[in-house]
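Student: One letter stands for each residue in the lines below.
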Amino acid sequence: MSASHIESVERLAVREQFDTAEQQKDAATLGMWIFLVTEVMFFGGMFCAYTVYRSFFPNTFGRASSSLNATLGAINTAVLICSSLTMVLAVHFAQLGRRKLIVLFLILTMLIGGVFLGIKAYEWHEKFVEHHVPGPSFHLEGEALQGQAQLFFTLYFAMTGLHALHMVIGIGILTVLAIQAWKGKFSPAYYSPVDIAGLYWHFVDIIWIFLFPLLYLIDRHMPK
Amino acid sequence: MITAAAEERQTYLNESYGIKSWLLTKDHKRIALLYLATITLFFFIGGIFATIIRIELLTPRGDLVSSETYNKMFTMHGVIMIFFFLIPSIPATLGNFFIPMMIGARDLAFPKINLLSWYLLVAGGLFAIFAMLAGGVDTGWTFYTPFSSSYSNTYVVATVVGVFIAGFSSILTGLNFIVTIHTMRAPGMTWFRLPLFVWAHYATSIIQVLGTPVLAITLTLVGVERIFHIGVFDPAYGGDPVLFQHLFWFYSHPAVYIMVLPAMGVLSELVSTFSKKQVFGYAFVAFSSVAIAILGFLVWGHHMFVSGQSAYASLVFSFLSYFVAIPSAIKVFNWTATLYKGSISYATPMLYAFGFIGLFTMGGLTGLYVAALGVDVHVTDTYFVVAHFHYIMVGGAIMGYLGGLHYWWPKMSGRMYPEGWAKLSALVIFLGFNLTFFPQFILGYLGMPRRYHVYPDEFQVLHVLSTAGASVLAVGYVIPLIYFIWSLRHGKMAGANPWGATGLEWKTPSPPPTHNFEETPVIRHEAYDYAALMEEEANVR
Chain A
1 MSASHIESVE RLAVREQFDT AEQQKDAATL GMWIFLVTEV MFFGGMFCAY
51 TVYRSFFPNT FGRASSSLNA TLGAINTAVL ICSSLTMVLA VHFAQLGRRK
101 LIVLFLILTM LIGGVFLGIK AYEWHEKFVE HHVPGPSFHL EGEALQGQAQ
151 LFFTLYFAMT GLHALHMVIG IGILTVLAIQ AWKGKFSPAY YSPVDIAGLY
201 WHFVDIIWIF LFPLLYLIDR HMPK
Chain B
1001 MITAAAEERQ TYLNESYGIK SWLLTKDHKR IALLYLATIT LFFFIGGIFA
1051 TIIRIELLTP RGDLVSSETY NKMFTMHGVI MIFFFLIPSI PATLGNFFIP
1101 MMIGARDLAF PKINLLSWYL LVAGGLFAIF AMLAGGVDTG WTFYTPFSSS
1151 YSNTYVVATV VGVFIAGFSS ILTGLNFIVT IHTMRAPGMT WFRLPLFVWA
1201 HYATSIIQVL GTPVLAITLT LVGVERIFHI GVFDPAYGGD PVLFQHLFWF
1251 YSHPAVYIMV LPAMGVLSEL VSTFSKKQVF GYAFVAFSSV AIAILGFLVW
1301 GHHMFVSGQS AYASLVFSFL SYFVAIPSAI KVFNWTATLY KGSISYATPM
1351 LYAFGFIGLF TMGGLTGLYV AALGVDVHVT DTYFVVAHFH YIMVGGAIMG
1401 YLGGLHYWWP KMSGRMYPEG WAKLSALVIF LGFNLTFFPQ FILGYLGMPR
1451 RYHVYPDEFQ VLHVLSTAGA SVLAVGYVIP LIYFIWSLRH GKMAGANPWG
1501 ATGLEWKTPS PPPTHNFEET PVIRHEAYDY AALMEEEANV R
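Protein chains in written order, with the working numbering: chain A, 1 to 224; chain B, 1001 to 1541.
Honestly, the hints are just simulated from the structure, not real lab data. Misleading hints may appear alongside valid ones.
[What the hints assert, rightly or not] Computed cross-link-like contacts, BS3-like style, restricted to lysine-lysine with a CA-CA straight-line distance of at most 30 Å:
1. B:K1507 - B:K1341
2. B:K1277 - B:K1341
3. A:K25 - A:K185
4. B:K1492 - B:K1276
5. B:K1020 - A:K185
6. B:K1277 - A:K185
7. A:K25 - A:K120
8. A:K185 - B:K1112
9. B:K1277 - A:K25
10. A:K25 - B:K1112
11. A:K127 - A:K25
12. A:K183 - B:K1112
Note that the coordinates shown come from a computational prediction; the quantities given were computed from them, not determined experimentally.
Only chain B is shown next, with the shape it has when bound in the complex (with noise of 0.2 Å):
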């Protein structure tokens, strides 16, 4: 009956046609799609880069690229993933997308700054590729002084710009969803009935709104000293290069949350769906996300121990860096204890979201050794911190992003992806990234710098092995790419709940009409409630 009638039923996908109606839409679920295709296109020219690297340094030698090439590779490797891939990615999607519809609302509060986000992203991405077409840059993604503002000479300026305005996609739609949370909840819709999905998503926003405007203007003064050649951060003028770093981390290191909080979010949503089972410690989730919003920015000296900053900045810094570990912990224990006694089931989903706990712990752990003012020393600037940093950013938040992107498939398109597939490629990725970045912990404690292109040959063996595991992961990227576009045609009709889940956003068709939902949804019951969904059924039939 659901199949018959979708062919009918007016969607938001066939409300209209044409370019025009998807260039000028207001609605955030077809502005999440145009998120959706942006990010996807910068996801693998990201690993273009990635890939040019991983071959490099197949052997000890340059073989493949100079050193300044090499350094333009990683740079606008780092960047693309960074600020036009991860930062957008799961809020300006899957957040886009759902979270006016888990709060019971017929869109976000500004759907016109919403599609401006899209337009600032997208101007952001061309100025950022009209730098590597032109020349690239060879700054590494941090952009330090006194080296981008006064002796690269590389396209710092456009690449710069570019970061800018895609700084201000990502504060229009932390804003957006601030205003949206507050405001726009339906009757019912308490605080704490909300899922923890969109509680991750505002702690993400706060730190979106308070983080990136002082990237926006640092990102400004070094672009004001390199056109204008004024001391901002020169020490020949009496300038601080580091204070350009302080600047920067206070919205890096932040920055990291903002990828992996909306990843945290998702993964309350799955644990709890394919196991039958309210969050374990709801309040505890919920408050860890603000907790960690918190405390993320108070820890950025973090990255800065080895720059000449006090020893006793170090040491609170240091400090206060383990204290991120402990909401971290709580969510991931909070995940374990939800699976405890709950009917599990083993869908694709299911298993990025066991993949995230994994990685997200080997992540978090091996950041308690870098957090560690000793340690750290060691390991500075060596593929430690790289291997470190990808587990969390890459291990944590890509597979948050694409358990979501699974998850909620059927309900954007309306149709199943084919379930053996995307196993198969789930685990894929699941061997390949370990292939990739376990061997780059060792190779960070025996000593291999970060950014350099030739190595001493005993480092080889667990080079190529990464390289090797970088393959096997890039072949795990690509399957789901074709069958999502496979299932737009081919897939099975979803309908409107496969997963048996109790989110608001189940409870209207797949894909869901223009304006959500027929009439405003009152909501009567606890988020994760599986006993009130059952009685709903029941009812029903």
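Bound-form chain A, shown alone (with noise of 0.2 Å):
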């Protein structure tokens, strides 16, 4: 690739708006994370929600949580780094600009996103069964303060489901970037689509790991 080409298509990737492709990049950069910012923000009042209630009713908090499958859990845990390191593979291969290699691991991220996905719905599925999903039928067992569960409940629905929410979003733009890495649209000089896509997807990685333990681990160091 000659010098003069890496230059024209340097130009053609620059907003008007923007005078240089390293003011574009760090404009969308800066851009990301102010919105990951908003998203903490987002998240933190259902976090705070949690943190209070649990307060409230540790016992029953800790009772509810039990019901929940960890090893599942776990294993999710794990699928996700996993998809954080295809996820930065994809990044990495974008900066040197190898299309195919670009494709395959956004392709790689998506299926691994995917499980987690299918385990995270057999989990509610399980939960759907067993009568704990908040609302009339709402039973469980062993617990005198049956309200409060549902609250923990309530809490876990709203809080995986928002988390499985931004995953599927998390997909659909790595959809996208797939299509347009196939058709040759990054470069070296041109892949902050991909590298800011990493920055979300990381982002939700994170979240979960935050869900992780304060759903389903907080029993774990009760008296049986």
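Fit chain to chain and form the complex, with the hints in mind.
Tutor: Structure below.
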């Protein structure tokens, strides 16, 4: 690839409001970081509600938590960390401009994300069968405070549901990127869409890293 | 010469025509005008509800509307005015239009996201309008649980969805501004050469980005609770309604600063331009905006002194609330000091600026009353509080908005508004405003509760005064609507810099070309450097 070719590719990819490709990349990256800050605050509202209610009803929350399938939760944590690895590799190959490898690792990331959602769906199904979905037919064995236990499961479904929604959106974004990558849109001079999609994907991962212990593991230290 | 050239010259207004060229535009200036039209519509819709409220309160008995309808009137007045007018008002119109121009950029960093944020506001507004037409909502703009989640039999979910969507409009605007101010400044435009308008919007954007998501998730939880009948804030399940209040005010107190900080930014521009002096204590005014944004997040509990939160929490919130007075006072003192030995002119924008300083000071000082624990218990949920926040939001934010609109109108439209009419309406608004809301301080102090449409006979005189004032105020708001539209065709041509102002936005022709600047400007002077401006003009001659 000649120098003038790189230059023209660079100029094509710079939108009219920016002076340089570097400025455009800085703006995109900062924009994504700020978006992630808003996401922290968005999830933060629910983490706050969780913290308050858990401090009100520690025992009920512990008992409700122990009904979750920690093994599946742990497997899913590992699955999600693997997807972060493939995402990093996709970004890495985007920086190098290796078209086929970008596509490969984006698709791998999506597939592993799909596995996570599949396991999650199975867990939700289990909860449904066990009458652990908040509502009129809710029942948690051996728990005196049924209402408070429902509160735990309301938060469980709201938080994991919102997290799963973010995964679905993430997979949607990666699909678009994979198509664009296949068409050869990304080069060492222009790869920031893959880069900032990576930021988003890792963020969604990190949310899960907090959700897993707070939802699945809080009764582990309690006397049985 | 300018007039003749303007007919030929390509501007952002005549660059293309047709509805599609507006609805699909990515030009921040056109999007600002889309916002301007939208929020003007919402302002007058919200005004209709205010009119019904004030007419009902003319007499001590409920003659015009039932109590249920009255509840819906003040709810929809609040929801529309706050979420669909005040929050987007200055940032989405004047900020959108002028931040890129002030920093020497061709557009915001993300023009498509900018357009998206307008569509989100419209979509949210449609939900709110649907809720109004379908039967209204009666929770108060605060959506307090458990009333909103369990008991209210009105269109809470549609309204909440509307506010949720409009919230994302606000988040995206804030995000766009922060990124733009960080990455798009022209060469030589250092942080401390930025106009104070930009600093104020930077602080506002921080609040929008940090606060709004919390409101979004809180309203989502209310919606979830309402739709699925599961307890999130419902005491029957062990849920805590006061938690809702905490989450709600975590956004909604800082939201007050989303409304008033941009107006403070406008004020700095107006006071400097119309006294031809550099703003006194530039760095203090700039940092006081940031200080207000930060402190604003630490005082939400002062809305909840009677909610049953712990007395110690109330004590701390009360104490911290007083700190907000410091940066606010810094601004007021510095604007006043800017006037000292300035060459002051009394053009319409400056009249609004004076109005702002006076009314904001009153609103701020009465804020100290309600931040004091003992006094607040006496005036909680009375007209004293209503008067206090209208002095900030109407006397402060709307005065700033109208001042800014008059100031930049020549740049936006290329034409002058009629100065005589404008001065008259500024005066009418000032008098009407005070007549409307000053009696409400007395009413509240005497014990008139807010959100009631019947009241004891002895309050009638003050209520009649207030309603009379509201009528005057309404006239004051309609006059500018008429003459602004009139001026689009018949106003005098403005020229590039009718006020002799220093900002970069005045260095382009009026109205500006699509890309704002022929070439990226290079900045060599501090903000508000009138000596440098005069030198430049002398060189041109």
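Student: Now tell me, hint by hint, if it's right for this structure.
Tutor: Do the hints match the structure? See the list:
no.: 1; hint: B:K1507 - B:K1341; in the structure: holds, 26 Å
no.: 2; hint: B:K1277 - B:K1341; in the structure: holds, 9 Å
no.: 3; hint: A:K25 - A:K185; in the structure: holds, 15 Å
no.: 4; hint: B:K1492 - B:K1276; in the structure: holds, 23 Å
no.: 5; hint: B:K1020 - A:K185; in the structure: holds, 29 Å
no.: 6; hint: B:K1277 - A:K185; in the structure: violated, 52 Å
no.: 7; hint: A:K25 - A:K120; in the structure: violated, 35 Å
no.: 8; hint: A:K185 - B:K1112; in the structure: holds, 20 Å
no.: 9; hint: B:K1277 - A:K25; in the structure: violated, 39 Å
no.: 10; hint: A:K25 - B:K1112; in the structure: holds, 16 Å
no.: 11; hint: A:K127 - A:K25; in the structure: violated, 44 Å
no.: 12; hint: A:K183 - B:K1112; in the structure: holds, 23 Å
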